[in-house]
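Order-wise, the sequence lines are chains A and B.
Just so we're aligned, residue 996 is where the first sequence starts under the working numbering, counting upward by one.
Just so we're aligned, residue 996 is where the second sequence starts under the working numbering, counting upward by one.
One copy or two, it doesn't matter: identical chains are merged, so the pair holds either way.
Pairs of lysine-lysine, DSSO-like flavour, derived with a Cα cap of 30 Å:
1. LYS1102 <-> LYS1284
2. LYS1188 <-> LYS1284
3. LYS1104 <-> LYS1261
4. LYS1130 <-> LYS1102
No lab work stands behind these hints, which were simulated from the structure alone.
2 protein chains.
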Amino acid sequence: MSEGLPQFADVVAAAARLGPHIVRTPVMRSSAFDARAGREVFFKCENLQTGGAFKYRGAMNVLLQLDPAKTPVVVTHSSGNHGNALALAARARGMRAIVVVPRDAAKSKMAAIQSSGARIELCEPGLRAREQRLKEILAAEPGEVVHPFDDARIIAGQGTAVLELLAEFPGLEVISTPVGGGGLITGSALAAKAMVPGIRVIGAEPEQADDAYQSLRAGERREVRQPDTIADGLRGFIGVRNFALLQSHVDDVVTVSEAEIVAAMKIVLCDLKLLIEPSSGVAVAAALKGALGEPGQRVGIVLSGGNVDLDLCPFLRGAVRP
Amino acid sequence: MSEGLPQFADVVAAAARLGPHIVRTPVMRSSAFDARAGREVFFKCENLQTGGAFKYRGAMNVLLQLDPAKTPVVVTHSSGNHGNALALAARARGMRAIVVVPRDAAKSKMAAIQSSGARIELCEPGLRAREQRLKEILAAEPGEVVHPFDDARIIAGQGTAVLELLAEFPGLEVISTPVGGGGLITGSALAAKAMVPGIRVIGAEPEQADDAYQSLRAGERREVRQPDTIADGLRGFIGVRNFALLQSHVDDVVTVSEAEIVAAMKIVLCDLKLLIEPSSGVAVAAALKGALGEPGQRVGIVLSGGNVDLDLCPFLRGAVRP
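This is chain A alone, in the form it adopts within the complex:
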């Protein structure tokens, strides 16, 4: 079921399917931010999505296509938003979720996944260990594997955020999202290129985790040795289906520094009063450095998530505990 490349029709079908099951997130603007960026920027607030990230769209799009009676268990590996999104979607559908989490994942993310009702299975860090643990679990308890990004259903689901954005603001000239495994940028590109001829779609990556940037230029998937970035959602590498769609549907990938990411988070907090996670700050930083389209253009940015471990953020750290 996860084979092949999704098309725009799959994004449209996902939007119809998701309907009342997701939050139709607001689009926010700030004249102060526009002045800084020299562009009219439209922020699609997926940090206000169920679970605090766009990931719920993809996860729910998969689970709504499964029959809980026939597929009572779904399984994935994730140390972050996808794991929590799958847990929340499974609970809403009356299914059980098992999430393989590396031992070194942030305690706050583990706690979120657990409180969303999933069973956590610990593994050693690294993709190999994760996949090995997943196999062991499936041998003991068959279930549907829901990959975080390299799955046509996930890509189609993630594309629904930009479908909503462009349905509301069809005059946008540029669309940008961060690039991790590539589910969001490619789903967004499927929607954007079909809905608005001539629109530019630009991915944004941390300089220190620039595998998609490197891959696009090399013409083949490249991995990065030890990605080291505050943008914890973007440390993974671009998937196979995702890279194919990146080549065919995405105009460019640009990169930003760690300092630019943190500055962007702080500016969004001041100008839009919104908390975004570092991964979301990557596309915002690209806008602020003039890397998204031309001055004066109308730019849509997906604020992908708002799940910040306050104690890990340079300007949110502090003594007060809720």
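Put chain B on the given structure of chain A with help from the hints.
Just chain B, lined up with the frame of chain A:
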């Protein structure tokens, strides 16, 4: 024009007048927050209003009733959101604003007022010095004085936020806002009591600036010696008209500690991804400590503003500068 007490009809007229001139701010919710508070809480996001605070409603309601040809100049004293709101409203109406600001006001607030196009006139700290400076200015350059809260037109304008909230969610059982000079709580009470019979309206104050709490219990206006609170918008004392309406239309005023205010700000940041200023944290803190209505009730809270000096906030202070 600023005499007498406003009525509900004045709030309705203000809403019609303000129409497209203000942001119809979103109402946000969080299941995580509801679980913490044991109530269903509906947040009216005036931190996303023009100028980052509800104050723009009142200021604009006054200026839309003035003819710029006859009244080219408006004057006020304010070290914070009202000064900036009046400056922005005056610019939108083609009028000039003069704002008397005490020398010890935060530099960031002064900069905001100035960049919104107002002329700043400095004075010594304290209400007496502010009013003296205001008189001198009016002698040199006649203009309309727009008081921050003790003005029927201001109170009616501030009430439009709760009018919008209850039009959207008429099932609310409790309404709460912070209490500074009393413009917001009394305007809100005018709207709430007329629209929803039996609804409770509860003001929230810092323990260390509890003049409205003291006044309500004493049956006469009381001032507090040196109010000392992080909630910079709530250090003033309740106005004359405001106190009369507080007695007739507000059910109670409750108080919260400084630590509870800061914890509430942090919880809103985590659960709702929204930055609120300390003054707004006061009503949120009241909800979290169970002081707003009964468990399980539906509570509407006005998030009054989002203008935080990041460097002054205990958990937002940090090395990174935008």
